[in-house]
Amino acid sequence: MQYSSQVNEYCKDKTNVLAMSDRLSGCVAGAAGDPAKGAWVGFVLRVDGQRISSLKFQVFGCPQLVAACAYVAEQLQDCELTAIDRLDTAELMLSLQIPTEKAGKILTLHDALVRCRRGLKAN
Amino acid sequence: MAQRGGRVNDIYLDNAASTPVDPQVTQAMHDCLSAEAYGNPAADSHGHGAAARQLIEQASTQVAGLINGLPEGVTWTSGATESDNLAILGVAHFRGEMQGKHIITSITEHSAVLEPCRQLQSEGFDITYLHPDSEGRITPESVKNALRENTILVSLMHVNNEIGVIQDIAAVGQVCRDSDTLFHVDAAQSAGRLPLDVVAQNIDLLSLSAHKMYGPKGIGVLYLNRQRISRLQPLMHGGGHQRGLRPGTLPTHQIVGMGMACEIAQAALDSEPAAIERLRETLWSEIATLPGLIRNSANAETVCGILSVSVAEVEGESLLHALRGLSVSSGSACNTASDDASYVLRALGRHDPLAESTIRFSLGRYTTANDVAAAATVFRSAVTELRCYVSRMNEVIEHAV
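Sequences listed follow chains V and Z, in order.
Residue numbering for the first sequence follows our numbering, starting at 4 and increasing by one per position.
Residue numbering for the second sequence follows our numbering, starting at 1013 and increasing by one per position.
Be a bit skeptical, because a hint or two may be false.
[Unchecked claim] Keeping only pairs whose Cα atoms sit at most 25 Å apart, straight-line, the calculated SDA-like set for lysine to any residue is:
1) V/LYS17 / Z/VAL1033
2) V/LYS124 / Z/GLU1410
3) V/LYS105 / V/GLN5
4) Z/LYS1229 / Z/SER1393
5) V/LYS124 / Z/ASN1406
6) V/LYS15 / V/ASP37
7) Z/LYS1113 / Z/ASN1157
8) V/LYS15 / V/MET4
9) V/LYS17 / Z/PRO1303
10) V/LYS17 / V/SER7
11) V/LYS17 / Z/HIS1411
12) V/LYS40 / Z/MET1405
13) V/LYS105 / V/LYS124
14) V/LYS124 / V/ASP91
15) V/LYS15 / Z/LEU1305
16) V/LYS17 / V/SER56
17) V/LYS40 / V/ARG26
18) Z/LYS1229 / Z/GLY1250
19) V/LYS17 / Z/VAL1390
20) V/LYS15 / Z/ARG1399
21) V/LYS15 / Z/ASN1406
22) V/LYS105 / Z/ALA1324
23) V/LYS15 / Z/GLY1337
24) V/LYS17 / Z/SER1393
25) V/LYS17 / Z/ALA1388
26) Z/LYS1156 / Z/ASP1192
27) Z/LYS1229 / Z/ARG1392
28) V/LYS105 / Z/ASP1364
29) V/LYS105 / Z/ARG1399
30) V/LYS40 / Z/GLU1410
31) V/LYS15 / Z/ARG1392
32) V/LYS105 / Z/GLU1325
33) V/LYS17 / Z/GLY1304
34) V/LYS40 / Z/GLU1397
35) Z/LYS1113 / Z/GLU1135
36) Z/LYS1229 / Z/THR1093
37) V/LYS105 / V/VAL117
38) V/LYS40 / V/GLN80
39) Z/LYS1156 / Z/LEU1142
40) Z/LYS1229 / Z/GLN1039
Everything labelled a hint here was simulated from the structure, so no lab data went into it.
Produce the entire structure from the sequences given, and follow the hints as far as they go.
Here is the structure:
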């Protein structure tokens, strides 16, 4: 399997990986997928009003999924919450040059984010 | 040097997939191509053809020497895959109608054995697929219990290519001989690493591959015990070469290369496997301190160079990706032509994610202590880094709920 340079780069980027020191209190979490089936994503969202103040993640999956999580977490930082609703997975895949056969895994990421957003609304 | 992702400076630990060509083999092949042995070895009525024929006879003797066989039993093929196909389909199609249509093999065989067996099933043959124990071993008793009146062939690999487990082929050979059933052994992974003796081990058909023992790709052997097998149904037709078993002009330089590889392997058999095994154990001891590692076939005898390790809490493809700098194989579907995780590892009871996150290190003649130390460092670092992605997975799941 060959990987795009974007995937290789974002796989190295651990900036927004949820660290042991990160607190979960005051955050909303959303998760999707199943590690037993090869793909799982969890996002932890902290907001300041309508702005995303931090978006951290945990992920179990292929390099493309790992890179996509790092990319999305980076891109959504400091954005309005509505940016989550506008996330386009096809565009995301294009940006990272992720092959179409990985679309299902990228949808796991989308589902996790959507659940995060719903959790926020419910709160 | 082999490469992955276009890099040629990786540490090569994939000798079970293919080995570098020994410089002495390269030289022998070069000499052959440069010498006046370019005649067709089948045209031995003239000097050029006879010179080529002589080189092939010498190579047959070298192959026979490695396995305690006779040069007359050597049939040259394109590699072990063709040898396996010729053995299984050849026996089945020649003997099936007259003697029976039952064949015994195991579910952990190479696809070069399993696929011909599936083909035979579609032709009305009955195939028994034996299941290994949790270490990957097929017991001689299970073979004995599976034998029937109409069993014409038992086909087992000597060493499993994924986990390195060694089958007790001498004991299985005895079971087969006692019941007068032909015994085929795929020795692609064992030749040059373990002693092979077609007489003492009661082997009737033996598959060999040159590129797994520091020879060139594209050449292999199906060895036949001519006292037990007079004929097989050939896979190809035309030309009558090699007693009609495998037509086509013999590639003299390839054959010379394989012969030389066998001679070198035989000479090195007393010392080389032990040295490779020491390096393998060093590698294991340097990575085993990581939690969540399972050494496959840890309680069985394994071939010197193969170390198969399943890694918990990391995803297979990401693990392979993180091991950039190492040329290794993985149980991950992304590392194969199939969509599924390794069937061998699943047969050992590893569930899919664990089978996917299994790495096979295979050390060889040119692996150094420095390679092993560097590989251990890369592996430890990759696993530790990947685990940070899931270190708080359970908390996130709980919080999300």
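Hints, verified against the model:
Between V/LYS17 and Z/VAL1033 the CA atoms are separated by roughly 41 Å; this puts the pair beyond 25 Å, and the hint is violated. For the proposed pair V/LYS124 and Z/GLU1410, the alpha carbon gap of about 18 Å is at most 25 Å, so the pair holds. Between V/LYS105 and V/GLN5 the CA atoms are separated by roughly 13 Å; this keeps the pair inside 25 Å, and the hint holds. Under the criterion of a C-alpha separation no larger than 25 Å, the hint pairing Z/LYS1229 with Z/SER1393 is inconsistent with the structure, at around 34 Å.
Note on V/LYS124 and Z/ASN1406: the hinted pairing holds, with a Cα-Cα distance of about 23 Å set against a maximum of 25 Å. Restraint check: the Cα-Cα separation between V/LYS15 and V/ASP37 comes to about 23 Å, which is no more than 25 Å; the hinted pair holds. For a cut-off of 25 Å, the pair hint linking Z/LYS1113 to Z/ASN1157 stands: about 17 Å separates their Cα positions. Between V/LYS15 and V/MET4, the direct Cα distance comes to roughly 18 Å. Compliance with the 25 Å bound is thereby established for this hinted pair.
Proximity of V/LYS17 to Z/PRO1303 is assessed by CA-CA distance (about 22 Å); at most 25 Å being required, the pair is judged to hold. As the CA atoms of V/LYS17 and V/SER7 are separated by approximately 18 Å, the hinted pair is consistent with the 25 Å bound. About 22 Å separates the Cα atoms of V/LYS17 and Z/HIS1411, which keeps this hinted pair within 25 Å; it holds. The straight-line distance between the Cα atoms of V/LYS40 and Z/MET1405 is roughly 15 Å, inside the 25 Å bound, and the hint therefore holds.
Between V/LYS105 and V/LYS124, the direct Cα distance comes to roughly 30 Å. Violation of the 25 Å bound is thereby established for this hinted pair. This hinted pair checks out: V/LYS124 and V/ASP91 have alpha carbons roughly 20 Å apart, not beyond 25 Å. Proposed proximity of V/LYS15 and Z/LEU1305 is supported: the alpha carbons are some 23 Å apart, at most 25 Å. This hinted pair checks out: V/LYS17 and V/SER56 have alpha carbons roughly 17 Å apart, not beyond 25 Å.
A distance of roughly 28 Å separates the Cα atoms of V/LYS40 and V/ARG26; the hinted pair therefore is violated under the 25 Å criterion. Among the hinted pairs, Z/LYS1229 with Z/GLY1250 is consistent with the structure: their alpha-carbon atoms are about 24 Å apart, no more than 25 Å. A hinted pair counts as satisfied when its Cα atoms are at most 25 Å apart, and V/LYS17 with Z/VAL1390 qualifies at roughly 18 Å. Using a Cα cut-off of 25 Å, the hinted pair V/LYS15 and Z/ARG1399 holds, with the two alpha carbons roughly 13 Å apart.
Restraint check: the Cα-Cα separation between V/LYS15 and Z/ASN1406 comes to about 23 Å, which is no more than 25 Å; the hinted pair holds. For the hint pairing V/LYS105 with Z/ALA1324, the CA-to-CA distance comes to about 23 Å; that is within 25 Å, so the pair holds. With a C-alpha separation of about 15 Å, the suggested pairing of V/LYS15 with Z/GLY1337 holds against the 25 Å cut-off. Straight-line distance between C-alpha atoms of V/LYS17 and Z/SER1393 comes to about 14 Å, which keeps the hinted pair within the 25 Å bound.
Distance hint between V/LYS17 and Z/ALA1388 is fulfilled; the C-alpha atoms sit about 22 Å from each other, no more than 25 Å. Between Z/LYS1156 and Z/ASP1192 the alpha-carbon distance is near 12 Å, which keeps this suggested pair within the 25 Å criterion. A hinted pair counts as satisfied when its Cα atoms are at most 25 Å apart, and Z/LYS1229 with Z/ARG1392 does not qualify at roughly 33 Å. For the hint pairing V/LYS105 with Z/ASP1364, the CA-to-CA distance comes to about 18 Å; that is within 25 Å, so the pair holds.
A distance of roughly 22 Å separates the Cα atoms of V/LYS105 and Z/ARG1399; the hinted pair therefore holds under the 25 Å criterion. Note on V/LYS40 and Z/GLU1410: the hinted pairing holds, with a Cα-Cα distance of about 19 Å set against a maximum of 25 Å. For the suggested pair V/LYS15 and Z/ARG1392, the alpha carbons sit about 16 Å apart, so the restraint of at most 25 Å is met. The hinted pair formed by V/LYS105 and Z/GLU1325 meets the criterion: a straight-line CA distance of about 21 Å does not exceed 25 Å.
With a CA separation close to 22 Å, the supplied pair V/LYS17 and Z/GLY1304 stays within the 25 Å bound. Using a Cα cut-off of 25 Å, the hinted pair V/LYS40 and Z/GLU1397 holds, with the two alpha carbons roughly 21 Å apart. Pair hint Z/LYS1113 plus Z/GLU1135 holds up; C-alpha atoms about 10 Å apart against a cutoff of 25 Å. With a C-alpha separation of about 12 Å, the suggested pairing of Z/LYS1229 with Z/THR1093 holds against the 25 Å cut-off.
With a C-alpha separation of about 19 Å, the suggested pairing of V/LYS105 with V/VAL117 holds against the 25 Å cut-off. Between V/LYS40 and V/GLN80 the alpha-carbon distance is near 29 Å, which puts this suggested pair outside the 25 Å criterion. The suggested pairing of Z/LYS1156 with Z/LEU1142 holds, with an alpha-carbon distance near 11 Å, which does not exceed 25 Å. For the hint pairing Z/LYS1229 with Z/GLN1039, the CA-to-CA distance comes to about 15 Å; that is within 25 Å, so the pair holds.
Hints 1, 4, 13, 17, 27, 38 from the list above are not met by this structure, while the remaining hints are.
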